[in-house]
Amino acid sequence: MNLRETQADPRTAHIRRLPETLVNQIAAGEVVERPASAVKELVENALDAGATRVDVTIRDGGRALISIADNGRGMTPDDLRLAVERHATSKLPDEDLFHITTLGFRGEALPSIGSVSRMAITSRPRDAEEAWRIEIEGGRIVDPKPAAGAQGTVVEVRDLFYSTPARLKFLRSARSESGAVQDVVTRLAMAHPDIGFSLTDDGREKLKLSADQGELLDLRLARLGAIMGREFRENALPIDAEREGFRLTGYAGVPTLNRGNAAMQFLFVNGRPVRDKQLIGAVRAAYQDFLARDRHPLLALFLECEPRAVDVNVHPAKTEVRFREPGMVRGLIVSALKHALAGAGHRASTTVSMQALGSFQPEGANSLPQQTSFTGGYAYRPSYPPISRPSPGLSAAAYDFQAPHTLTGGFEPAAPSGMGETVDPETGEVSDAPSYPLGAARAQLHATYIVAQTDTGIVIVDQHAAHERLVYERMKQAMDAGGVPRQGLLIPEIVELDERAADRVLERAEELAQLGLVIESFGPGAVAVRETPALLGKVDAPGLIRDLADELEDLGGAFSLKEKLEEVCGTMACHGSVRAGRRLNTDEMNALLRQMEATPHSGQCNHGRPTYVELKLADIEKLFGRR
Amino acid sequence: MKLTIERAALLRALNHVQSVVERRNTIPILANVLVEARDGMLSLNATDMDISIVERTPAEVGQPGSITAPAHTLYDIVRKLPDGAQVDLDATGGGDRLILSSGRSRFTLQTLPTEDFPVMAGGDMPHTFDLDAGALRTLIDRTRFAISTEETRYYLNGIYVHAVTEGTPALRAVATDGHRLARVEIELPEGAAGIPGVIVPRKTVAELRKLIEETDGTVTVTLSETKIRFAFDEAVLISKLIDGTFPDYERVIPTGNDKVLSVDRVSFAQAVDRVATIATEKLRAVKLSIDAGQLTLSASSQENGTAVEELPVSYDRDSIEIGFNARYLLDIADQIESSQAEFILADSASPTIVRDAEDPGALYVLMPMRV
Numbered sequence: 001m002n003l004r005e006t007q008a009d010p011r012t013a014h015i016r017r018l019p020e021t022l023v024n025q026i027a028a029g030e031v032v033e034r035p036a037s038a039v040k041e042l043v044e045n046a047l048d049a050g051a052t053r054v055d056v057t058i059r060d061g062g063r064a065l066i067s068i069a070d071n072g073r074g075m076t077p078d079d080l081r082l083a084v085e086r087h088a089t090s091k092l093p094d095e096d097l098f099h100i101t102t103l104g105f106r107g108e109a110l111p112s113i114g115s116v117s118r119m120a121i122t123s124r125p126r127d128a129e130e131a132w133r134i135e136i137e138g139g140r141i142v143d144p145k146p147a148a149g150a151q152g153t154v155v156e157v158r159d160l161f162y163s164t165p166a167r168l169k170f171l172r173s174a175r176s177e178s179g180a181v182q183d184v185v186t187r188l189a190m191a192h193p194d195i196g197f198s199l200t201d202d203g204r205e206k207l208k209l210s211a212d213q214g215e216l217l218d219l220r221l222a223r224l225g226a227i228m229g230r231e232f233r234e235n236a237l238p239i240d241a242e243r244e245g246f247r248l249t250g251y252a253g254v255p256t257l258n259r260g261n262a263a264m265q266f267l268f269v270n271g272r273p274v275r276d277k278q279l280i281g282a283v284r285a286a287y288q289d290f291l292a293r294d295r296h297p298l299l300a301l302f303l304e305c306e307p308r309a310v311d312v313n314v315h316p317a318k319t320e321v322r323f324r325e326p327g328m329v330r331g332l333i334v335s336a337l338k339h340a341l342a343g344a345g346h347r348a349s350t351t352v353s354m355q356a357l358g359s360f361q362p363e364g365a366n367s368l369p370q371q372t373s374f375t376g377g378y379a380y381r382p383s384y385p386p387i388s389r390p391s392p393g394l395s396a397a398a399y400d401f402q403a404p405h406t407l408t409g410g411f412e413p414a415a416p417s418g419m420g421e422t423v424d425p426e427t428g429e430v431s432d433a434p435s436y437p438l439g440a441a442r443a444q445l446h447a448t449y450i451v452a453q454t455d456t457g458i459v460i461v462d463q464h465a466a467h468e469r470l471v472y473e474r475m476k477q478a479m480d481a482g483g484v485p486r487q488g489l490l491i492p493e494i495v496e497l498d499e500r501a502a503d504r505v506l507e508r509a510e511e512l513a514q515l516g517l518v519i520e521s522f523g524p525g526a527v528a529v530r531e532t533p534a535l536l537g538k539v540d541a542p543g544l545i546r547d548l549a550d551e552l553e554d555l556g557g558a559f560s561l562k563e564k565l566e567e568v569c570g571t572m573a574c575h576g577s578v579r580a581g582r583r584l585n586t587d588e589m590n591a592l593l594r595q596m597e598a599t600p601h602s603g604q605c606n607h608g609r610p611t612y613v614e615l616k617l618a619d620i621e622k623l624f625g626r627r
Numbered sequence: 001m002k003l004t005i006e007r008a009a010l011l012r013a014l015n016h017v018q019s020v021v022e023r024r025n026t027i028p029i030l031a032n033v034l035v036e037a038r039d040g041m042l043s044l045n046a047t048d049m050d051i052s053i054v055e056r057t058p059a060e061v062g063q064p065g066s067i068t069a070p071a072h073t074l075y076d077i078v079r080k081l082p083d084g085a086q087v088d089l090d091a092t093g094g095g096d097r098l099i100l101s102s103g104r105s106r107f108t109l110q111t112l113p114t115e116d117f118p119v120m121a122g123g124d125m126p127h128t129f130d131l132d133a134g135a136l137r138t139l140i141d142r143t144r145f146a147i148s149t150e151e152t153r154y155y156l157n158g159i160y161v162h163a164v165t166e167g168t169p170a171l172r173a174v175a176t177d178g179h180r181l182a183r184v185e186i187e188l189p190e191g192a193a194g195i196p197g198v199i200v201p202r203k204t205v206a207e208l209r210k211l212i213e214e215t216d217g218t219v220t221v222t223l224s225e226t227k228i229r230f231a232f233d234e235a236v237l238i239s240k241l242i243d244g245t246f247p248d249y250e251r252v253i254p255t256g257n258d259k260v261l262s263v264d265r266v267s268f269a270q271a272v273d274r275v276a277t278i279a280t281e282k283l284r285a286v287k288l289s290i291d292a293g294q295l296t297l298s299a300s301s302q303e304n305g306t307a308v309e310e311l312p313v314s315y316d317r318d319s320i321e322i323g324f325n326a327r328y329l330l331d332i333a334d335q336i337e338s339s340q341a342e343f344i345l346a347d348s349a350s351p352t353i354v355r356d357a358e359d360p361g362a363l364y365v366l367m368p369m370r371v
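Sequence order for the protein chains is L and D. In this text, residue positions in the first sequence follow full-length UniProt numbering: the first is 1, and each later residue adds one. In this text, residue positions in the second sequence follow full-length UniProt numbering: the first is 1, and each later residue adds one.
Just so you know, these hints were derived from the structure itself, not from any lab. We put the beta carbon where it would ideally sit given N, CA and C, even for glycine. Be aware that a few hints might be false.
What the hints assert, rightly or not - Quick list of the computed label-pair ranges, beta carbon to beta carbon: (1) D:125 to L:523: 34 to 44 Å; (2) L:581 to D:130: 56 to 66 Å; (3) D:95 to L:576: 51 to 61 Å; (4) L:260 to D:151: 25 to 35 Å; (5) L:294 to D:317: 47 to 57 Å; (6) D:250 to L:528: 27 to 37 Å; (7) L:581 to D:317: 38 to 48 Å.
Unchecked claim - With a straight-line cut-off of 27 Å between C-alpha atoms, the simulated BS3-like cross-links for lysine-lysine are: (8) D:210 to D:240; (9) D:203 to D:227; (10) L:564 to D:282; (11) L:476 to D:287; (12) D:240 to D:259; (13) D:287 to L:564; (14) D:287 to L:562.
Unchecked claim - One side of the interface only, derived from the structure: several residues of chain L facing chain D at Cβ under 8 Å: (15) 166; (16) 168; (17) 196; (18) 481; (19) 487; (20) 501; (21) 538; (22) 542; (23) 565.
All chains, full assembly: derive it from the sequences and hints.
Encoded structure:
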């Protein structure tokens with residue numbers, strides 16, 4: 001049989017306009033690739049409509065039903081009819097694609113979804129008496145009819161992708177699709193803490209976030225805590241930085257709170273959740289000193305800027321954005337994070353102490369009767385007096401003995417300098433002394449751990465880890481102050497790269513030279529290495545250059561060189577620091593504690609492990625059932 | 001196989017061959033040494049597939065034959081036997097055992113069949129020349145410190161040996177690690193004029209140097225483009241060569257340097273060593289400030305402080321400041337035998353030439369460190 005008789009030969013067929021439904025189905029392929037993307041479009045519509053609460057219901061991972069109910073401003077019957085037309089939108093009032101203030105703007109979502117499902121929209125404008133309902137089935141629009149409905153809009157999408165079986169086939173299991181829906185709703189909820197969200201999946205309430213009143217930043221922290229976990233709320237450092245019209249706010253976790261993947265890193269640009277390679281690079285740059293390569297911090301950052309400074313019209317799903325000045329944005333993120341981390345100083349995550357307490361928990365502790373009344377607890381345990389705070393004012397002089405002789409500047413007691421009475425372990429004297437955050441050293445256990453008493457609890461310090469960090473920070477300071485000495489190469493190493501990679505590396509030549517790597521162009525696609533950082537000794541220059549080229553592409557920054565240098569410093573620091581097993585006297589222990597307080601980033605070792613654990617008195621009391 | 005040998009003779013031969021055997025091997029037979037007894041001689045052969053060393057020594061052979069036994073174990077046993085002991089090696093008992101007995105000690109060692117032992121074939125080696133052992137030691141000693149240990153530029157992991165026929169004919173040894181270069185030449189031996197330039201691997205250099213330590217005679221060198229063979233006394237070392245192209249080192253030896261500094265070698269080395277105490281352990285940066293008649297060495301580190309030492313020198317050009325890795329300066333100073341070291345400089349960023357004032361055969365090039 002001749003194929004030409006039955007099928008139009010693409011070589012000879014005339015060009016024709018595709019029917020509307022087909023156009024919409026093609027558009028749907030870009031905008032709606034899975035139930036989660038439909039949910040995203042519809043929730044964004046609800047938010048753009050000024051809703052203060054959004055209820056999402058899905059069934060069978062969104063395949064059977066997606067329903068989004070909001071209390072936004074609603075639509076009139078005429079609006080309804082237009083809304084399901086392609087490229088019809090109430091957004092983009094001034095028809096300027098570079099001035100986008102709403103989440104949506106393409107006017108594609110409703111017709112696209114409508115073309116691949118059975119969709120119904122019921123809407124009642126704020127002051128209208130009745131609601132109207134419009135139905136679209138596989139792209140066919142049924143005229144609006146009056147219906148019953150509350151103020152706002154309810155969009156119901158049934159049998160998504162029923163008209164495009166190929167797409168249907170490629171959906172994952174209901175469980176993973178509903179996971180993706182939850183991810184989408186969560187992200188949007190993080191960006192809008194003033195709006196209530198709920199997600200019901202097959203009748204089970206997956207998410208319920210109420211819309212509270214209050215300061216936006218407080219709301220946001222509460223919302224982030226509800227989503228990212230209580231640990232995050234307790235260990236988050238506030239970020240607030242501004243540069244050239246860009247404002248970065250949000251929260252970043254302390255380094256000791258870390259995960260094996262970057263799933264808990266969120267970036268929002270003008271309230272729009274985006275996934276951005278640059279963010280990962282910037283975060284890595286900021287945390288590289290504190291975390292091993294394969295650990296990732298938790299954070300949520302919100303970037304606000306003039307709509308014109310960012311292009312959101314890069315991808316139909318709008319998960320990617322482009323900045324006018326990517327370098328500046330990256331710099332802002334890195335410096336804001338570094339600043340916050342430096343401010344955190346020696347703070348270690350409370351999860352560490354929670355874990356410590358957890359392992360202290362005596363067996364069956366949970367079955368012990370809870371002591372609700374503090375005094376009541378005592379009545380039965382007369383032989384255990386309450387933890388006695390030493391009486392104040394016995395000797396004011398004793399603390400001088402403990403005070404470090406070389407207290408470096410820059411430290412201010414974080415706690416209000418109320419009274420922390422301390423007892424000198426040798427003389428038994430009690431003194432009034434300024435209270436230090438890490439307290440006064442009381443004992444050294446197993447010649448490895450320093451136990452110190454603070455106003456509100458005890459601190460256990462790993463002496464080797466802590467001292468290693470101190471030495472390391474000092475070395476880094478010296479390196480920054482003195483520059484990096486460079487060893488000239490007798491025979492310049494020629495590294496062959498592809499042309500774009502070579503250009504990328506050469507663009508950063510100046511920055512690299514500051515780190516001791518002097519390179520120059522050697523014809524297209526080749527780089528000549530003239531000098532290498534003397535600290536690295538005989539280094540594999542081609543390997544280093546290739547790593548740098550890859551990183552510049554993936555992450556936008558040259559990390560591996562700095563990392564290598566810091567690795568050398570780290571090894572030197574390890575050799576040059578007090579080992580476990582070395583006995584320290586009280587003076588030495590206190591000096592170490594004071595130095596930790598004065599040194600930025602002393603709360604974790606170079607790999608994100610804590611250098612000390614703090615146990616609050618209240619927690620200790622809980623262990624003994626006193627609370 | 002059965003033989004009797006004096007402990008000292010066996011120890012000496014074993015010592016020479018066993019060091020080529022790697023401590024850990026994936027091929028079991030490579031951990032063994034091939035022991036052969038024939039015609040009143042004991043022959044030991046060890047290899048790591050790249051280098052093969054054979055050493056022969058007289059022994060009282062009771063029954064000719066051969067066996068392979070663990071090299072390091074055998075060496076350790078013989079080393080611990082008392083001085084002057086007679087050692088009996090007996091593999092005639094059948095099975096796969098070698099029995100070593102000496103005085104009241106008796107060891108039974110596991111063996112592997114001789115046929116499995118990889119014998120390195122020399123192949124066709126067209127070039128042969130004789131070299132005085134002392135001259136060979138000089139070539140190695142003056143250059144080996146500069147051999148690169150960095151594996152990516154494998155062609156620098158050895159000493160480049162080649163013949164110079166233009167001008168004064170010479171046999172040259174060159175090594176560089178990219179930071180410094182050593183070039184030493186001796187009079188061209190007869191028969192060496194036509195040799196290809198070859199790169200002798202670092203491990204071969206080390207093994208060879210150990211072997212020729214006590215030799216005063218002549219070493220016969222035979223080579224092709226892929227293999228080299230050194231034979232002397234009763235020992236033979238065959239090694240593969242590094243298959244690569246040594247860079248055109250002549251281009252990095254500066255010709256325009258004109259500032260000559262002459263300094264007493266011993267006091268210079270001691271001063272560098274003293275001043276470098278202050279420098280950061282990994283960096284070891286030392287600065288040389290050279291003025292007419294005076295050299296000031298200095299080092300500083302954020303942690304330790306600073307160090308300065310002055311030395312009288314002979315120098316009459318413009319003042320210059322240049323930094324070097326102290327380790328490199330000391331390495332080169334170690335190579336200079338006469339009392340005066342000569343530095344020939346251009347500026348603080350260019351390579352510097354160092355020479356022994358009385359030895360025109362040796363030349364060193366050193367790249368500065370920019371601090």
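Do residue 95 of chain D and residue 576 of chain L keep their Cβ atoms within the hinted range of 51 to 61 Å? Holds, since residue 95 of chain D and residue 576 of chain L (Cβ atoms, about 57 Å apart) stay within the stated range.
Just tell me: holds or violated, for the beta carbon distance of residue 125 of chain D and residue 523 of chain L against 34 to 44 Å? holds, 40 Å
Just to be careful: measuring from the Cβ of residue 166 of chain L to every Cβ in chain D, is the smallest value less than 8 Å? violated, 49 Å
Residue 260 of chain L and residue 151 of chain D, beta-carbon distance inside 25 to 35 Å? Holds, since residue 260 of chain L and residue 151 of chain D (Cβ atoms, about 32 Å apart) stay within the stated range.
So if I understand the rule, the pair passes when the alpha-carbon distance is 27 Å or less; does residue 287 of chain D with residue 564 of chain L pass? Holds. Residue 287 of chain D to residue 564 of chain L sits at ~25 Å (cutoff 27 Å).
Hint check, residue 565 of chain L versus chain D [nearest Cβ-Cβ separation less than 8 Å]: Hint violated; residue 565 of chain L Cβ to chain D Cβ min 10 Å, cut 8 Å.
Holds or violated: residue 564 of chain L to residue 282 of chain D, with C-alpha atoms at most 27 Å apart: holds, 13 Å
Please test the hint of 56 to 66 Å on the beta carbon pair from residue 581 of chain L and residue 130 of chain D. Because 60 Å falls inside the window, the suggested range holds.
A closest beta-carbon separation below 8 Å is what the hint needs, so does residue 501 of chain L meet it against chain D? violated, 18 Å
For the pair supplied as a hint, residue 210 of chain D and residue 240 of chain D, is the alpha-carbon distance within the 27 Å limit? Roughly 18 Å separates the two Cα atoms, so the pair holds.
Do the Cβ positions of residue 581 of chain L and residue 317 of chain D conform to the proposed distance bound of 38 to 48 Å? For residue 581 of chain L and residue 317 of chain D the Cβ distance comes to about 56 Å; the hint is violated.
Does 27 to 37 Å hold as the CB distance between residue 250 of chain D and residue 528 of chain L, or does it fail? The hint (27 to 37 Å, Cβ to Cβ) is violated, given that residue 250 of chain D and residue 528 of chain L are roughly 19 Å apart.
Taken one by one, the earlier hints fail for this structure at numbers 6, 7, 12, 15, 16, 17, 20, 23, listed in ascending order.
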